[in-house]
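With these hints in hand, go ahead and build the complete structure from the sequences.
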Amino acid sequence: MKSALCPLLLLLMALPTNATDLFVRPDGADVNPGTEAKPLASLEAARDRLRTAGDGKHTIILCAGTHLRTASFVLDHRDSGLTVRGEPGARLLGGKLITGWTLSTDPRLPASARGKVVEVKVSDDLGALRRRGFGIGTSPSPPELFVDGVPQTLARWPNGDEWSVLASDGKDRFGVRVEPERLARWAGADELWVHGYWTYDWADSYEKVISVDTATQTLITEPPHGVYGYKAGKRFYALNLIEELDSPGEYWLDRKTGTLYAWLAGPGETVLSTLEAPLITVSEARDLSLERLTLACSRGQGIQVVGGSGVTVAGCILRGLGTSGIDVAGGTNHRIVSCDLFDLGESGVLVTGGDRATLTPGGHVVENCDIHHHSRLCRTYRPAIGINGVGNKALHNRLHDGPHNAILMGGNDHEVAYNEIYRVCTQTCDAGAIYMGRNLTMRGTVIRHNYFHDIGPTLAAKDGFVDVMAVYLDDCFCGTTIVGNIFDRAGRAAMIGGGRDNTIVNNLFIGCNPAIHVDARGTGWASFWFDGRDPFLMNGLKEVPYDRPPYSTRYPHLAEILRDEPAKAKYNRLADNVIVGPGKAIDWLDGLSERTVETVDNTIVADAAAVSLNPKNYAVSVPGFAPIPFDKIGLYKDLYRDRLPSATESPAEDMSYLDNGVIRLGVDLKLGGSITYLAESGDKVNMINSHDWGRQIQMSFYSGPVPFAPNGKQPSKTWAALGWNPIQSGDCAGNRSVVTEHRNDGASLYVKCIPMQWPLDNEPGECTFESWIRLHANTAVVRCRIDNHRSDKTQYSGRGQELPAIYTNGPWYRLMSYAGDRPFTGGDLSQFKKTWTRLEDVQGSPWENWLATENWAALVNDDNRGVGVFKPGTYSFTGGFFGKPGGGGSKDAPTGYISPIQDEILDHNIQYDYEYTLIVGTLDEIRRFACENRPRSSLPDYRFEKDRQHWVYRNAVDTGWPIQGRLHVKLEADDPQLVGPTAFWDASEVPVLYVRAACVTRRTDARLFWRTSSQPHFSDDRSVGFTLKPDGDYHVYEIDLAGCPAYKGSITGIRFDPVSAGAVGDYIQIERITWKK
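Going left to right, the sequence shown walks through residues 1 to 1077 as the working numbering numbers them.
For the record, the hints were derived by calculation from the structure and aren't laboratory data.
Among these hints, one or two may not hold up.
Derived DSBU-like pairs: lysine-lysine, alpha-carbon spacing no greater than 35 Å straight-line [said to hold, decoys possible]:
#, residue 1, residue 2
1, K884, K616
2, K946, K116
3, K717, K833
4, K684, K793
5, K793, K584
6, K717, K793
7, K171, K256
8, K1029, K970
9, K684, K584
10, K231, K1048
11, K568, K231
12, K1048, K1077
13, K884, K834
14, K884, K208
15, K632, K57
16, K793, K231
17, K834, K946
18, K208, K231
19, K171, K946
20, K584, K542
21, K57, K637
Label-pair restraints from in silico Cβ distances [to be verified]:
#, residue 1, residue 2, range
22, S1060, G746, 55 to 65 Å
23, D913, D531, 33 to 43 Å
24, K684, E594, 52 to 62 Å
25, G682, K834, 28 to 38 Å
As the structure is a prediction and not an experimental result, all values here were calculated from the model.
For each residue, glycine too, the CB sits at the ideal point set by N, CA and C.
In C-alpha cells:
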C-alpha cells in the first residue's frame, strides 16, 4: 500500500530549497555581504554571487538612487529563474551627470544667446553622428543632453517643431531658402547635418552636408544622398549647429574640444547619455523577471532579450533612450507587461518570435503598456510596437502620440486586441496606425476589439496621397480579420489595398471618411508585381512552403493562388458593420463594387441617433450587431499598474494639465487642445467657460469668403456672416476638432490639431493649429500658430483676429483695463460694463471695443481675483459679458469675454504665429505684470522683412506669402489704401516718418493719414501729402508730420495711400516705414 502525502507537505516540497536576496545601492561596496544594511555596489557583483548560490528563486533588489552604467548588465542561461527588482526611486542611467557649468563666451554663438548659454568640458570622445532613418539599420544615437530626464534639442534651424522646405530638386544636393548671412555661418560650421522627409512623407533620414554653396543657396550631401533623392517643397531642418544655438532647451557638442554647450531653460539635473549598448541584455535565459526598473538617458536600447523562454519585463519605465525601449529577438513566451515607455529615439517594443516555415508560434505578449512619444529621432517605421514572426500578441495597450505607425507587423497568426490607439501618424501621410504590407503569405492575423480615435491626415494635399488609415493592409496584404473594433474619427479607417481573403466584420465606424476602402491595385497601377516586371511579391511566396501543409491547410486559398488570378482582390468580405456619419461609407476602387466583393448586412446611417449610439460606451441598437466590450479595452490595473490615465478611467474626458504649484492649466484633447481649465493651484475652482464649443480659451481665425460655402455646403444661418472661421474646439454642429499631436513633459505642453469650420457641419479647416504652453510663477505663456493650406488661393481682405478668444465663468464678470492716454503711470482703470442676453436685442456689436494702452485686460470677481491677458504691442481689445453676471460654472451660459484684436491677412499658405500671456491673481498683480513686461518702445518701426507687420489693404493686394524683405503691393484699383495696425504714441515723439519704397505708378500723389485717441477715424484734415518717384528705384521719403497743426496728441494708427487712383500694372514695394532715420 502506497502512503499518501498531505497537501502541506507537497507544497513545502515544491518550494525552492534556496532563495537569496541581494541588495545593490550606489553607495554600497562589492566586498559587502549584500544585505539591506550592507549592500553591494554593482549589479554584476550580485549576479556573480548568485550564480554560485545554487538553485533557487533568487532576487537582486536595486535600491533607490542613481545607478550609472558604463556597460550593459548582461544576464544569460546561468541566471535563469532570477528576478531583478527595483525599489521606488531606483534608476539605471546610461550616461554621466554633468556639473561645473560656466557661462560661455564662444564667439560662434548667436548674439541673442550670449550671456545665456553655458558650457562644460565633458569628454574627448563624444562619438560620431551617423546617417539614420528610413531603410537604414538602427544604430545608437549620438550623445544627448537630458534635463530632469527630458531630452533637449540639438541646436537646429528652424527652432522647435518647425520645418523649412527644399527650394529645388536634386540627386546629391538641394536648394534652400535661407538668409545669406545665416547660410554663410553654416558654411563655416564644424559638421552640418540635415533631417528631412526628402521625397515621400513616409520616409525620413539624416544626411551629412559636405558642402554649402552660398552663391546658389545649395546644400550638397554625402552619399548616398537622401532616401529617394531630394524634391522641392519637401520638409527639412538643419541641425548640429552652434551657430543656431539660440533657444532655451538647445545644446551642441564640440567634438574637437569635448565641450558641451547648452541654453538651459531652468535648473535641473543634467545628464549626457554615453552608453551605446543596451542597458540590460538577457541572452538564452529562462523564467527570468525584470520588475519595476527605471531605465533612462542612454544612447542605445533599454532592454534586449535574445532567445530563451519565459522572460518577463513588468512594471518598468523606459524613457529618454536613443533607440528602442525593449527588443525581443527570438525565444518563446516572453512577456512585456504593464510598462511605460516614452521619449524614445526610435521604437517602443519590438518582438520577433516563432517559425514561419512551420507556423510554430512564438508566444510573445506585449500587454497593458502605455507607449507614447516614441520615434522622436527617427520618425518613420519605428512603431510603438513592432511584431514579427508567428503567433505573438499585443493586448490592452495604450499607444498614442507618435509620428508614424503605432503597430507595425509582419508574419502570421498574430493577435492585436483591446488596445486604445490615437494621435498617431501625426507627421506622416499614406500611413497606418496598424500597418502590414507587401506579402501574399503573411496571413491569419486578427485585429479585434481595439479602439481607434483621433487619427487623420495632418499634411496638406499638395501632391500625392495624404490620407491616414487606422488599419492599413497595404500592397496586396492578405488573410487578415478586422472584427469588433471601434473607429471614431479614425481617418480612412480600414483599407484593403489590393489583397485577398480579408474580413472586415462587426466594426463600428463613426465620422470616418471613408469607413472602408477596397481596391484591386494588382490589376491596375501595381500590376508589375504580377506580370514579371517586379519579382518582389513572387519572391515572398518562395520564402515559405505556401502550397504545402501547414500553409495549405491553414490558409486554403493560398495554395492555388498562382492559378487563381493572383492579381485580383478576391475573397474579401465586408459584413455586419455599422457606419455612422456623413462621409463616404465604402470607397470602391479599380472597378470593385458590392457585386464583386461579398458585402452583407452593413448598416449605414448619417445620424448617430438612427442607431441609438451611446457615446459613453459605443453601444448601438442594430439587429445582429454583436456588442463591443468597450469597458474591457485599454489599460487595466494590476500588480504593477496601480493607477490609470484619466483618459482610460473617463473616456469622455482627455485632459492634459500643467501645474507649477501656483497655477493649474488644462487643455482638452477632445476639443483640439483648447484651454478649458485655469485655476490657482489647489483651488479647484475653474475660471474657464465651456458652455459650447465656441468658448474656452482658443484660437479662432477669420477670412473670406463671406459666407463660406465649400463645395456648396451651406453654413448655419446664425453664423454665416463669419465667413471662413476655423476654430480650435469644434463646430457649431457639435463636431470636435481632432488633436493630431500632443506632448506634455510637465514643464511645457504642445498640441497640434485640425480645426473645424465653426459655421459649418463637420467641415475640417484646410489648416492646422499648434500651441506651445509653459508656466512661470502665476503666468502661462502661450504661443499659437495657424498653418494654412487652403485650396482657394484668393487673397481676401484682412480681418480682425482674436488673439486669442477668452471666455470665463459667470463669477468673473468685472471687465477691467486701462484705456487712458498715460499708460504705465498708475492711472485709474476703466470697467467695461456692457452685458447682453439676446443677440436680437443688441444694437451694433454685442461686445465693447476699446484702446487698451497698457496692452492688457482682465476679468475678475468681486474679490478682484481672476485672469488677465497681456499681449505686448496690441492695443485693440474687445470684450463684455453675456447673461446674468456673478454666478454659473463651466457648463452654464453666463460668460465673460476678452480678446486682443489684430487685423491680419491670412493667405492660403500662410504660417502665422502669435504669443500672449495669461496672468492669474489679483487685479493689482495682473497690472503689475503688464507694467514690468511692457514693450520697450511703442514708436512706429515697421520693417517688412518676414511679415506684413499687421498691415492690411483696402482696394489693393500684394504678391502673397511668404514676405521676403518687402511688401509688393499691386495698386490697380481706385483709391488703394495700406492700413497700419492700431498703435499708440505721442505725436511729439515722432515728428518725422521715413518710408523706403520703390514704385511704378501713373500717379504720384501719395498721402499719409493718422488717427488719434480722440478722433479714431482717418480723414483728410489729418493727413499730409508727398510726391512719389515712379522710376522703380528705391527712395527714402521723409514725411514731415510735425509741420501739420492737426498732428498732435496720442496717435493710434496710420494709413498710407500711395496714389489716389491706381491703374493696371501699378505697384509699390515698401521695405520699411519707421520713425528712425
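Violations among the numbered hints: 4, 9, 10, 14, 17, 20 and 23
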